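Participant: Now that you have both chains on their own, put them together as the hints suggest.
Respectively, the protein sequence lines represent chains A and B. In this text, residue positions in the first sequence follow our numbering: the first is 1, and each later residue adds one. In this text, residue positions in the second sequence follow our numbering: the first is 1, and each later residue adds one.
In case anyone wonders, no lab produced these hints; they're calculated from the structure. There's no promise every hint is true.
Said to hold, decoys possible - Here are the computed distance ranges between Cβ atoms for each label pair:
#: 1; chain 1: A; residue 1: Leu410; chain 2: B; residue 2: Ile158; range: 25 to 35 Å
#: 2; chain 1: B; residue 1: Val73; chain 2: A; residue 2: Arg413; range: 40 to 50 Å
#: 3; chain 1: B; residue 1: Gly223; chain 2: A; residue 2: Lys258; range: 46 to 56 Å
#: 4; chain 1: A; residue 1: Ser254; chain 2: B; residue 2: Leu236; range: 34 to 44 Å
#: 5; chain 1: B; residue 1: Ser180; chain 2: A; residue 2: Leu410; range: 19 to 29 Å
#: 6; chain 1: B; residue 1: Met66; chain 2: A; residue 2: Trp370; range: 41 to 51 Å
#: 7; chain 1: A; residue 1: Phe251; chain 2: B; residue 2: Trp373; range: 10 to 20 Å
#: 8; chain 1: A; residue 1: Asn385; chain 2: B; residue 2: Met66; range: 45 to 55 Å
#: 9; chain 1: B; residue 1: Leu236; chain 2: A; residue 2: Leu114; range: 49 to 59 Å
#: 10; chain 1: A; residue 1: Ser254; chain 2: B; residue 2: Asp410; range: 51 to 61 Å
#: 11; chain 1: A; residue 1: Asn385; chain 2: B; residue 2: Phe154; range: 56 to 66 Å
#: 12; chain 1: B; residue 1: Asp410; chain 2: A; residue 2: Ala207; range: 37 to 47 Å
#: 13; chain 1: A; residue 1: Lys336; chain 2: B; residue 2: Leu236; range: 24 to 34 Å
Just so it is clear, the structure is predicted and the values come from calculations on it, not from any experiment. The C-beta atom is built at its ideal place from N, Cα and C for all residues, glycine as well.
These are the residues of each chain, in order.
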Amino acid sequence: MSAIKSVDNLPNDGEKFDSSKVALVKGISLILGGGLTALFFILWLFLPGQMQQSMAYSWLFAVVFFMTLSIGGIFWTLLHHATNSGWGVVVRRLMETLGSLIPLYFILALPLLLPGPRDALWEWFEARQEMIQAGKDHSSPEHLEAAKAEWGQSVAAAEKKLAAVKAKKEKESATATATAGEKYNLEQQVIAAEGKLEVAKASEPTAEELASEGQLHANVGLYKKRGYLNEVFWYARYVGYFLVLGGIIYFLRSWSIKQDQTGDFRYFRWMRRGSCGFLPLFAASWTFVVVDWLMALDYTWFSTMWGVYLFAGSALNSMAILIAALTWLRSRGFLKDVVSMEHYHIMGKLMFSFVVFWAYIAFSQFFLIWYANITEETKFYLTRNTAYWNAYAIGFLVIGHFFLPFAGMLLRRVKTVPYVLTGIALWNLCMHVLDIYWIIIPERGPSLTQGKEMVIPGAIYFDILAFVAVGGLTVFLFLSRLAKASLYPCQDPRLEESLNLVN
Amino acid sequence: MATETTTLRGGVKAAELEGIKRESLVLNKRSMQWITDRICGIVENRQPFIWWILFLPSVVLAGCLMFTLVYLVSTGVGVWGNNQPVAWGWAIVNFVFWIGIGHAGTLISAILFLTRQRWRTSVNRSAEAMTLFAVVCAGIYPGFHVGRFWMVWFLAPIPNANAIWQNFKSPLLWDVFAVSTYFTVSVIFWYIGLIPDLATLRDRSKAGLRKALYGIFALGWRGGNRQWRHYEMGYLLLAALSTPLVLSVHSVVSFDFATSVVPGWHTTIFPPYFVAGAIFGGFAMVLTLMLPVRKLYGLEDMFTGKHIDNMAKIILLTGTIVGYAYIMELFISYYGANKFEADAFYLRIVNGPYTWAYYCMFFCNVISPQIFWFEKARKNLWVVFIVANFVNAGMWFERFVIIPTTLARDFLPGQWGYYSPTWVEILMFCGTFGLFLSLFLLFIRFLPVIAIAEVKGVLPEADPHYPEWTALRKKRGLQPDGPEVETSHH
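Looking at chain B on its own, in the form it has when it is part of the complex (with noise of 0.2 Å):
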């Protein structure tokens, strides 16, 4: 067998080029079996205690958040705390807030699966599932912010008797296209990417409903080779279809304030700005619901640490690209000379209403991730947790900071206001939480969690050139790899 100081071509050591071999992606040798039984026996199985201790808070989350919105429709928007100056509360902070935690979903399928980053396996389907409930939060801002929710048909470009035409030139109006878009398009990618595995579950189901249901879902998946051939393609092509969709839905966000002439919104530097912040804040929210999930359902040998370190270091980056937009920014507002752009930051950073909420947010986006340059502070999942939630905390600040802080002081100094939110805006947001963690807690019993099918394609014995790998290692007298004969099932 290898010893440390076999020496290899030119002076490489055995060990050491051991010491850079890419880390699988499943560790401990699983085999396919395991990782289907594992994977299925979540929802196949009996939750455990915990899924109920935090579900049944979650839906009475959920519950306030529809006692809110039954209370808002039936009062009146007046119930929240914008109003002017301050016109944009906490409806729309929240509202970008969701949206850009909705990004890392179809961001991991789609461009990292363009990029052909195998990693992504692991964590897809969660990271997709958390768009779409996320997603859903977000949609629920603009709609009700409309005031009339009944009316709320308006927002789609459907001419009508009393001839009410949308305003195609208000970015406001781009959003609505490009949030329904995302959704829709996110939501087929995800279920075109369960097929194989609602297969899978409906294969080792009993007869009955659930077997039934599984079946319908299926859509007669058997997984031949035709099926697969078509079901890549697809995959493949809607994976292209997203990726722009991705990038366009942050960045029609971002118009929403970019396009006007307010001080503070208008900057040329939004659009991307806001893509790598959305890509930031939605890594940040799947580690915070993967961590525990990997824990509790014992899966750390599909989802390893290497998953995790990737993503922090994803954090780390977009992080730091959000600190350089930042900095940008004050660069400009000092050199573009211009009084009212240097006030608006003279308020964010020096002395304002809201100047705390800049400070937090800087900490929080700009300072927190850098630990992750440490591989250490990396591989430490309460660091990486609590990094994560810096970060969520930190991308709220951000649209916070946007938003109120610059509506607060506007050109007039006589129409100078402070906005706080009422009890309705604070109950409302913590029930999107509610709500948010009712669905993924309901996607965690009811849906594999984890892409089935694709982690097995990502088994070092899934590459067509296995054998001949290992034929060159042992050549070399490095440990082969591969699976080891199982020995136990869990």
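Bound conformation, chain A alone (with noise of 0.2 Å):
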């Protein structure tokens, strides 16, 4: 048995990282993060309009997996605060760092918000655009005048009818043989016919209700969305997410190294109060970015497990880029001192709960749907079960997603070895590649083609340019960032306790 660690071994402003002693990695990144970037967008420039539009189906893809990455980091950050947590101290600065790469993503995804890469991701704008467009039509000055005459026509034949039941009622009234029923019987008669007039009178067209009716003709399903799927609203929420997700791991980042520098406890209850508040803005945030980007790519789709499904992915390969990247400092020796196996182990385990319940999640959203068979929520499923597609899933989300890392983890020795825990927590980075690019690209083709083509021929190289130019510019961001403040917060009252973690 070891002896207990002490804070007072620690040097008292924690650990530097020095990024001279990875500056080959690091200019690697950015020369690969910074030259593709670039060249993608000059071939998107030059090339034709359905590699174009294909192509933005590529950036799509890489900014959305490098972003569930940060907003896994958010995550635990926040769940670290929330309840309390003490082991993961020694590991927070990295979950920091990797939220707060937020704004990288921001800015990654603005081209996609221009009108050509935007209508060829997400139909509905277009389709929007077709809905206006036949509402104007419908209410166009000849429409409205040939309803108006139509409005006028129907006043008219009640205005008869009502004369007519009126004669009728004078006349019949005026005969002795009419009988009490007889009477209140026309009666009746002339108060109908008078409340039918005065509906018609009231039910004078005018342009907007013609347009409104027009765009229901044209687009029931987007119609009746209207509220949520607009421009306006769309860019509002762009946005909104953004200030939301970034100020909270900016808050929460800023305030845990200026507990660094003046070991303040204020900060310390501060992180915890405000992870608390984050929390539910944190799930409300994702969630809708997540409909917005990827379940609207088919605005008829929709499901209910959507958010918990993008989040469950989020958190287990955050936790997997978190093992690597960790395993990786350590044999460039930083957090030599502070990282022990236990650590290794816990966030082994919590890399295997979140392949289970990602597992769990994403079953259960598919058997549900499969078992339903409801026309317009088996329309995902079935894109992805044509051509390769089915294959593609079987082996890589069902067997390479859960149940080889299933398997692989199971025991408790292959979570104590560094080495060992970090090539499954690649493995499991590549399959969660694999989904987010399941989720996107099939899409792309019947989208393009209207149904023709399930695949661009070539598009696929630009997926990859795509995936390598955000990749290196995370990893620059990264490292650059992780060089702003000591490795680990050295000042946080729970540090003894997470360096004496014990599973």
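Facilitator: So this is what it looks like as structure tokens:
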């Protein structure tokens, strides 16, 4: 049994990340990231229309994948504080740094807001324009005139009818043989005719009504969603998401760093309290990010599980990248004194639990849609069971994303050997890449070719290009941000607890 | 000794460090002997008068349950109020209600055990017992809903002379498997956990029937090193087996609804939403039972404010998750642009026969737990008790909202109806509470209500590094942790 580790033996200002030790990696990532991003957009400018559109999917795929890692970083930081956790103090700075990359994705996703890529990805924009146009056509002056004429006729008809009924009443009631019942009946007929006339008079068609009617007939599904799926709200949400997500991690990270410098307990309390309050905001933002960006790739499809599904994958894979980053940093001589095999063990367990959670959510979503077999829901899986996507899903998502890592991580030994665990973490990361790819890319062929083709030939090279470009920028920014503060929160009051973690 | 202004590393004040210290799970520095005496004392001494005051009416209510069951079997399921279109009435509402409550036990035991949440030790035993009794109550409903109770063995996949085979495509059949597996594993898990404590009770009993019975059930436990090694490995493996079971049972219960194409039932978030709801309702029931028990038997030093605080936080979390699911359902009923889905939710929240039930549910499950954002509310036992009971009611309403609300407004307006329970259903539901409480009170009477051996494991001196920590704290001028010399025994 080893002796306990006291914080007194650690330097007061923690451990600096000397980025000169990783200058090569940093340089390569900058060149790859910056260069390939530039190349991607230059190519985008010069390539023909369909390839441009298909590159929008590539870019979305790359941005979303790396953003899920950052989202996971925010989540683990929040969870750490909200649960008053002690184990993760020594790796918390890595989580914070990962989370703090979120503004990068705000910037990188901006090109997708341009009308070209935007309409290629989210068909509802075009469909909405068509719908609005249909509304305009339907409410054009001629249509309005015709409708008004029709309305005039119906009013006239109602007036005529009323007059006829009244005349009949007068005539009949004048005859001596009319019974009380007949008179009552006639009276009622008059009342009914008067009512119909009033209704007819009140329903004078307006241009707005006609426009709505035209829109409804043009695209009933989209018309019903117009309160949510419209340009203004969509752009506002885009800004809102990043304000919320970026704000959360900005506060948590800056408080954490301030605590390093001052040792002030206030920040510890702020981080705890703040995190509890931030959690619902985080959940709401991320849920609607994935609704807007991924679910709306096919605006007719929907699933209540969607937010949870993307969350599960993000948390899992951000834990995987944390494990991989930790091993790499330790191999470069960092964090040697504070991180122990116990931390690997606990991170391995969390990664394992999220492998299972992801599979649980993914399976439940698939299973319920498959079992109920309702047309508008099965669409999603039908596309993804067509052509090679079926083998892809079974091979990578069912076996690769669940069964193999599940079996691989069951043994305790595996989780305490850093290189083995890192291997599994990297495997999980690859599977997550393929998961995000599977979510986005199968939409591409059918969307861009009006359902004629599943695959756009050659587009996969741009997927890889975009992935490497965004990945390079991510790595570069991560390493730069890491050098801004101590590698672990050196004044955290739970640091000693974390050092002496026992599973 | 420490002074408030002692400055530690990095300018940290000693007093501040004390302020965030992990709270002790056993208060007042109780000794191991005290823990054994206090818990075994409940079983060994006469029960307080109030135990009888609670027990006798519970038994009478349980008798009412028996009566209604006999009446049901001898007359037919027509004595229940469910009929077309609401073919599933209180029977399934109450089944899901009780099954949900039956989740906290194994959750606390298994998941909190795997995640090394040491505070579980004071709660797990009673929560597990509660789980078993709740599952017993739940099991009654599907059993009797089949109408001909003597044919209930048809539920098991036993081929018979008439070649009746079960429909393996039906989630209702999976339910039978899931619940019976869960019950079996939960019983084993609970019993394995009881063995060391049963041996303690045996060793403290005088010769006689009591000693013989505890002796038999303690399976010859002597507390040797080898026994502990095997015991702990077995317990860990059972915890690992139970964890997926906790999730699977309520997921399968949710499939009963979600695999259908019925508006308001078919939604993909149902499995995790049901699991979160079950944990939510289960914790509320544990609090409802254990707040009086800890007061009555003087267990406040082991079942502390910290335990209640944690459970209140879990209720807040799971209640908010359930709220997320409610809101996602509403959002997708709008976003999905499906007329029937939208109508189902319109009937739930705007103008339908059971709109009142939706708001009862929403208030009890989502709004009322929000008070637990405030520490003061979590520390006030009355507030905790009242909110826990709101949650109990709210989780019942949730199932009620899901089931009759949807069925009462079928696709064909000509089939619309309104469901209300008959006296038989009401009496039967009250009867299950009688059965549940009777069993729980008998459990308190005959078995250790807190896991004695496990609570000893979370005492500060159980930490192998305890002397080192004490020395370090002393060096820093902080109050050393640890037991004081016992001055009096209760």
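Participant: All hints, please: hold or fail.
Facilitator: Against the structure, the hints:
Between Leu410(A) and Ile158(B) the CB atoms are about 34 Å apart, so this pair conforms to the stated range of 25 to 35 Å. Roughly 56 Å separates the CB atoms of Val73(B) and Arg413(A), a value that falls outside the hinted 40 to 50 Å. The given range of 46 to 56 Å is respected by Gly223(B) and Lys258(A), whose C-beta atoms sit roughly 51 Å from each other. Taking 34 to 44 Å as the suggested C-beta distance range, the pair Ser254(A) and Leu236(B) conforms, at roughly 41 Å.
Checking the proposed 19 to 29 Å range against Ser180(B) and Leu410(A) shows it holds: the Cβ atoms sit about 26 Å from each other. About 43 Å separates the C-beta atoms of Met66(B) and Trp370(A), a value consistent with the hinted range of 41 to 51 Å. Restraint check, Phe251(A) to Trp373(B): a C-beta distance of roughly 18 Å satisfies the suggested window 10 to 20 Å. For the pair Asn385(A) and Met66(B), the supplied restraint of 45 to 55 Å holds, since their beta-carbon distance comes to about 53 Å.
The supplied range of 49 to 59 Å is met by Leu236(B) and Leu114(A), whose beta-carbon atoms lie about 56 Å from each other. At roughly 57 Å, the beta carbons of Ser254(A) and Asp410(B) sit within the given window of 51 to 61 Å. Checked against the hint of 56 to 66 Å, the C-beta distance between Asn385(A) and Phe154(B) comes to roughly 36 Å, which is inconsistent with it. Here the CB-CB span from Asp410(B) to Ala207(A) is close to 40 Å, well matched to the stated 37 to 47 Å.
A C-beta distance of roughly 31 Å is found between Lys336(A) and Leu236(B), which places it inside the suggested range of 24 to 34 Å.
Comparing the model with each earlier hint shows violations of hints 2 and 11; every other hint is respected.
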